[in-house]
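This is what each chain is made of:
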Amino acid sequence: MSYAKYNEDNVSIYINRLNDKTSHPNSNILESKKEICEELKKGENKMSENYMYDMPKTLPVILLLDNSGSMAGNDKIDILNNSVNTMLQSFRELDSVIATISVSIITFGYEAKKVSELLPANETQDIKLTANGGTPFGRALQIAKEMIEDKENFPSRSYRPAVIAVSDGLPNDSWEAPLEAFKNTGRSSKCQCMAMSIGAPEGTEAFDVLARFAGGNENVYFADSSKDIFRFFKFVTATIKTRTESSNPNIVPQLDIASIPDEGDDDDILY
Amino acid sequence: MTSFIDKSTVSGASVTGKAHIDDGHGSQDCCLVKKYSIGTVLCVCDGVGSDRYSSSGSKAACKAALKTFKLYHKKRISKENVGATIEKFYTRYVRKKHRIAAGTTCLFCFVYEDSEVLVGQAGDGIILIKIDDKMIVFHDKNKSFLNEVYPLKCNRQYGAWNIKNLRFSPELNNQLDILLATDGVSDDVIPDKRMDFLNHFITVSQNEGSKGIKTILENWDAPGSVDDKTAVTFSWRR
Chain A
1 MSYAKYNEDN
11 VSIYINRLND
21 KTSHPNSNIL
31 ESKKEICEEL
41 KKGENKMSEN
51 YMYDMPKTLP
61 VILLLDNSGS
71 MAGNDKIDIL
81 NNSVNTMLQS
91 FRELDSVIAT
101 ISVSIITFGY
111 EAKKVSELLP
121 ANETQDIKLT
131 ANGGTPFGRA
141 LQIAKEMIED
151 KENFPSRSYR
161 PAVIAVSDGL
171 PNDSWEAPLE
181 AFKNTGRSSK
191 CQCMAMSIGA
201 PEGTEAFDVL
211 ARFAGGNENV
221 YFADSSKDIF
231 RFFKFVTATI
241 KTRTESSNPN
251 IVPQLDIASI
261 PDEGDDDDIL
271 Y
Chain B
1 MTSFIDKSTV
11 SGASVTGKAH
21 IDDGHGSQDC
31 CLVKKYSIGT
41 VLCVCDGVGS
51 DRYSSSGSKA
61 ACKAALKTFK
71 LYHKKRISKE
81 NVGATIEKFY
91 TRYVRKKHRI
101 AAGTTCLFCF
111 VYEDSEVLVG
121 QAGDGIILIK
131 IDDKMIVFHD
141 KNKSFLNEVY
151 PLKCNRQYGA
161 WNIKNLRFSP
171 ELNNQLDILL
181 ATDGVSDDVI
191 PDKRMDFLNH
201 FITVSQNEGS
211 KGIKTILENW
221 DAPGSVDDKT
231 AVTFSWRR
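Chains A and B, in that order, give the protein sequences. Take the first sequence: its position 227, counted from the start at 1, is 227 in this note's numbering, and no numbers get skipped. Take the second sequence: its position 233, counted from the start at 1, is 233 in this note's numbering, and no numbers get skipped.
Read the hints as simulated data drawn from the structure, not as lab findings. The structure presented is a predicted model; accordingly, all values stated were derived computationally and were not measured. There may be inaccurate statements among the hints.
[Claimed, not checked] Here are some, though not all, of the chain A residues that point toward chain B, as calculated from beta-carbon distances under 10 Å:
id	residue
1	M52
2	L94
3	T100
4	R160
5	P161
6	N184
7	G186
8	N248
9	P249
10	P253
A virtual CB, placed ideally from N, CA and C, is assigned to each residue, including glycine.
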């Protein structure tokens, strides 16, 4: 039986029942009508669920994490693992009625690869990255773009994704063309991009690459201590949380990273 | 003899989304369903949430669609000029001081007594048209992500109208169903289930009219659905 037919049958059944009850001499007509209307309403609600999504809309967060050999120095990779895992835990605990968070993680070190498919935050696993190899940021961008452009597999009910890049050095692959494509063509061009430059301050070539990715120096955060890395990920968490609670999660809130409190007492210089 | 338009039923409703109830802004959607002897005009408009005067914009676009419906019938404008005419009147109907921020989508369907059906879309939302067993879907194919909209604006010309004539004949066809809905509704509908969605709305509108449509929208329980919701329907059976 098709859905429409079911609907029509439902209505006709109730109308017939109404006729049956009202024709009975001892029936309470008003009571019957009320009961029938309520049943009809329940039936409609049940039917409407058949064509509606039963999952909330999603806000995808894609992390591009540098795990090149240089990230091994000063425990940067461990600090990154801890910061990301703290953020993932915060995402798992979020309970927004507007949008759920989905997370995918792409790393670039010995090779660029997707270490975690786009999954609802509560299904994500903690990361434990190790550092080695070069900085193939261009390839990481290509992987991210392929994922975002894949309309078959990337959720169609997504708000504008947030793409977060973290790196401590200059890419060592051909990154210009992938960056150009990511920023200027297709769905990836509409993403919210943010970046953290570890150890490479404004004015360095490595910082400039991230600034081009993030759409300006103001969207790149320079980190020279473990506190800065924690603070950046707390800032990302706050930004994403605010977006999921907004009536329009596409709008990026104007938060100030300086307002994010420091984490812990350690403040190791990282380079 | 009863005309084709007389035999048709129309209904429509608009409800304020939870997000706009909470922030006190009120609904930014607007809809229009009007039957005339010459035909029926259906229109739904969704004001751009970030524009301060978007509710004025959506009302103006509905009025502009009505005006254009009449002009097109009188053959004062061609099909090619329908979009531009709606824009012209939309801008005229928005108060001058509101024109800076009164963006809106505009979905319309003109069903004329002589059986011409003219459908048009600017921005997101959905139009479903079923002629006998065949369903035609109009939606914004350029939309990459949710809440992303390229709307009508008073200060620039809209370049992406999707306007089509449909073949329909009350003598040859048995049924014509039309549903227009804003993205607050259409974003929650599974694409493969659009036929079920249309059938449900048409059945309810035939049995309960606009009140029934309003009840569906008020009880809309898709998770995380907080946007304004508007839908209008037209149905005709031989």
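Hints broken by the structure, by number, lowest first?
2, 6, 10
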